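If you're matching them up, the sequences are chains L and Y in order. Under numbering that gives the first Met the number 0, the letters of the first sequence match residues 0 to 219, in that order. Under numbering that gives the first Met the number 0, the letters of the second sequence match residues 0 to 112, in that order.
Source of the hints: derived by calculation from the structure; they are not laboratory data. Note that the structure is predicted; figures quoted are calculated from it, not measured. Check each hint, because a few of them may be wrong.
[Stated by the list, open to error] What follows is a list of derived Cβ distance ranges for each label pair: (1) L:189 / Y:71: 38 to 44 Å; (2) L:17 / Y:54: 26 to 32 Å; (3) Y:39 / L:135: 23 to 29 Å; (4) L:125 / Y:110: 39 to 45 Å; (5) L:173 / Y:60: 17 to 23 Å; (6) L:25 / Y:53: 32 to 38 Å.
[To be verified] Covered by chain Y, per the in silico footprint, the following chain L stretches (three or more residues, Cβ under 8 Å): (7) 41-49; (8) 80-89; (9) 92-101; (10) 126-132; (11) 135-148; (12) 155-167.
We put the CB at the ideal spot given by N, CA and C, even for glycine.
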Amino acid sequence: MQGPIGLFRSLAQDWGADLQAFRVVWAKAMMWIFLVSDSFIFGSFLAGYAAARLAATEPWPEPAKVFALHLGEREIPLLLIAIMTVVLISSSGTMAIAVYHAYNKNRPYTAFFLSLTVLLGLTFVSMQAYEWIHLIRDLGFRPWGNPMGAPQFGAAFFTITGFHGLHVTIGAIYLAAVAIRVLQGIYDRTGSYVGVEVAGLYWHFVDLVWVFIFAFFYLF
Amino acid sequence: MEHGSENLTHRGEQHQPIGVYLLVWGLLFVLSALSYLLDYFEVHPLALRRFLIAAFAFLKAGLIVAYFMHLRFERVGLVYAVLLPPLLLLALVAILLPEGQYVAEVRRLLLGR
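Make the full structure from the sequences, and use the hints.
Encoded structure:
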């Protein structure tokens, strides 16, 4: 393990390099830079939500109650959200395994696990659509108000989960396109499966964002 | 350091055994379940519950970034470029939290609610 001075020296070496600072393929560097910018968007959303929640004088609707599901007699808090979290974590796992098989240039397995990831992603979006419909139609939640408390809740909820759902939807389309390219043998011909890894970065990031939404929006 | 263009493009590939991915996957499940149970059983005090939920979230984020996104195996230049800029968000949070509390106080004072 390098000490802090050794780390600083490698940092200076890398950033002081003349032509190529990051020494990864450009697609991977570009994806990382995009994801850093995206983390600012989601980070600002969550920080703005915290400020709006603190500034609200009416009680904040309790997510555990708002998102409870009825199973028979019992009301289970956040059940749908818990299932959605399991689905998205699983999709991240299948994506990681797809990248693993891509490293080994295993075409059918890569395509299979990519398709599985797309399926799990679509499952997640469908459950989110159900959640939105339930909230808007059955419970009367709107971006400007709701019957359960502070009106700011809807604005924060629809902005943050909506933007995240959009990311999952775009990701599912992106991964489907990559899976088709794998099946067509395009990565075998170019000799590099790095495209799968770059797509994986995007997908894991979407899961990463959900980690914070789950913690700070639903559980806090 | 240089091993030709093939290794240059694939530096992040350390060919981790598949068990590492499955282990991280399992850990993410466990940490999510723990966060959910903290909320489900309404563990008291609230500050402790929130601290643990936030801690588990950052732990999960670290696992995803380090292993699923292979950042652990990238060059240090890329690691710093990715991890340092989002720290600026802490400045935004530091500005917005007192601001939110201030707005709430003003509302209670002026609007009487």
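Here is how each hint holds up against the structure:
Roughly 27 Å separates the CB atoms of residue 189 of chain L and residue 71 of chain Y, a value that falls outside the hinted 38 to 44 Å. The supplied range of 26 to 32 Å is broken by residue 17 of chain L and residue 54 of chain Y, whose beta-carbon atoms lie about 42 Å from each other. Look at residue 39 of chain Y against residue 135 of chain L: about 26 Å separates their beta carbons, and that is inside 23 to 29 Å. In this structure the hint that residue 125 of chain L and residue 110 of chain Y lie 39 to 45 Å apart at CB holds, the actual value being about 41 Å.
Judged by the Cβ atoms, the range 17 to 23 Å given for residue 173 of chain L and residue 60 of chain Y holds: they are separated by roughly 22 Å. A C-beta distance of roughly 36 Å is found between residue 25 of chain L and residue 53 of chain Y, which places it inside the suggested range of 32 to 38 Å. Here's how the segment 41-49 of chain L fares: 5 of its residues keep a CB closer than 8 Å to some CB of chain Y, so the rule of at least three is met and the hint holds. Figure legend: the segment 80-89 of chain L, annotated as covered by chain Y; annotation consistent (5 residues with Cβ-Cβ distances under 8 Å, at least 3 required).
Using a Cβ-Cβ cut-off of 8 Å, 5 residues of the segment 92-101 of chain L lie near chain Y, which meets the minimum of three, so the contact claim holds. Only when three residues or more bring their CB closer than 8 Å to a CB of chain Y does the claim for the segment 126-132 of chain L stand; here the count is 0, and the claim is violated. Taking a C-beta to C-beta cut-off of 8 Å, the segment 135-148 of chain L contributes 0 residues in contact with chain Y, too few for the three needed, and the coverage statement is violated. By the rule of at least three residues with a Cβ nearer than 8 Å to a Cβ of chain Y, the coverage given for the segment 155-167 of chain L is violated, with 0 such residues.
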